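There are 2 protein chains.
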Amino acid sequence: MNFSSKLLEDAVNEFSKLPGVGQKTALRLVLHLLGKEQEEVDTFGNSIIRLKRDIKHCNICHNISDLPVCSICSSPKREKEVICVVEDTRDVMAIENTSQFFGAYHVLGGLISPMDGIGPSDLFIDSLVQRVATTPVKEIILAISATMEGDTTLFYLYKRLKDFQVPITTIARGIAFGGELEYADEITLGRSIVTRVPYVNSIIK
Amino acid sequence: MNFSSKLLEDAVNEFSKLPGVGQKTALRLVLHLLGKEQEEVDTFGNSIIRLKRDIKHCNICHNISDLPVCSICSSPKREKEVICVVEDTRDVMAIENTSQFFGAYHVLGGLISPMDGIGPSDLFIDSLVQRVATTPVKEIILAISATMEGDTTLFYLYKRLKDFQVPITTIARGIAFGGELEYADEITLGRSIVTRVPYVNSIIK
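These protein sequence lines are chains A and B, in that order.
Throughout the first sequence, residue numbering follows our numbering, covering 1 to 205 in sequence.
Throughout the second sequence, residue numbering follows our numbering, covering 1 to 205 in sequence.
Honestly, the hints are just simulated from the structure, not real lab data.
In this text the structure is predicted, and so the values were computed from the model without any measurement.
Treat the hints with care, since some could be wrong.
Copies of the same chain look alike in the list, so a pair counts if it fits in one copy or across any two.
Pairs of lysine to any residue, SDA-like flavour, derived with a Cα cap of 20 Å [as the list claims (entries may be wrong)]: (1) K77 - N2; (2) K24 - I95; (3) K17 - V41; (4) K17 - L31.
Working from the sequences, and respecting the hints, build out all of it.
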């Protein structure tokens, strides 16, 4: 692109580093912000700088938090003995939105991915093992994506946790509610028949 | 969404004000930036703050520029007597990318849009009239989008400029190169037959 201004070019280049944002989209976003008041643009720019500088992670579950212990880990209403292990904070938010889970979380901060150079020591796995070893735990739910990295991580977690005599479960896989059978992939459909459940258990209460 | 952190929520809300960015995309972008070093995040945030604070517009054509007169308006190689009138800086960049135009520009800064409360006085129309009145001009090319706002603006510009005895042209409308006739809309196809040109003129040199 032929930029008429170095400042404009810099801003567009910064925006086009974001995932899924190309140069044309970056230019559109930058011109949109240029049309705003200085105050609004300052708020925008500073919100991300401040977030990065002041962000904390919960000492217990490693979820993003403004306090040393997050609101879930410090809530007396949550069942701390049930730990749901997830990849990142987005998964915590997704599960919280369902209002179906009342235990605590453990955020790994990623998945094991040798291709990207991420090994078990780069994730909060040791602290999970530590947590299971030192606090009373009734169940560990592994809510990890069913991808290659997810399966690798699941397998590794299982190996590290299986000797603690704590039930280890994973979230149910199957056809989504509202999903049509003919469009489901073979593996999901096949497994959903093998792991069929009594009808009365499948009703949403 | 259930945010575990106020700082995170603020940043996501700021990003989701951008056009075409919803809350989920905003969260993805913010978490992507959180994974970067503090220095990179500062560069990102400051690039847009600095752009807004230090941005200048060319005194002649009103295009975004780092100098009081932009590189096109100050170039001795450009034919200043041919003025191409466009909506915004994106159009200047698009036309410059074609390497087919060697005149100067005039950036209106938008289009007349009564629905959005944008009238002729909000745009650089008076300064265009002034420019045509005070400097030698051989041709005015109106390169404005063929939308309702564009047509309104075209009509208004024509009314303001027609008494100057300067040829006023618009960019050619028609079927795009590589475009298939059967998918063209009726108005474009109809006009492209009415405004047909000698074959020799249509060859790209």
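Handout entry: Which numbered hints fail
Key = none
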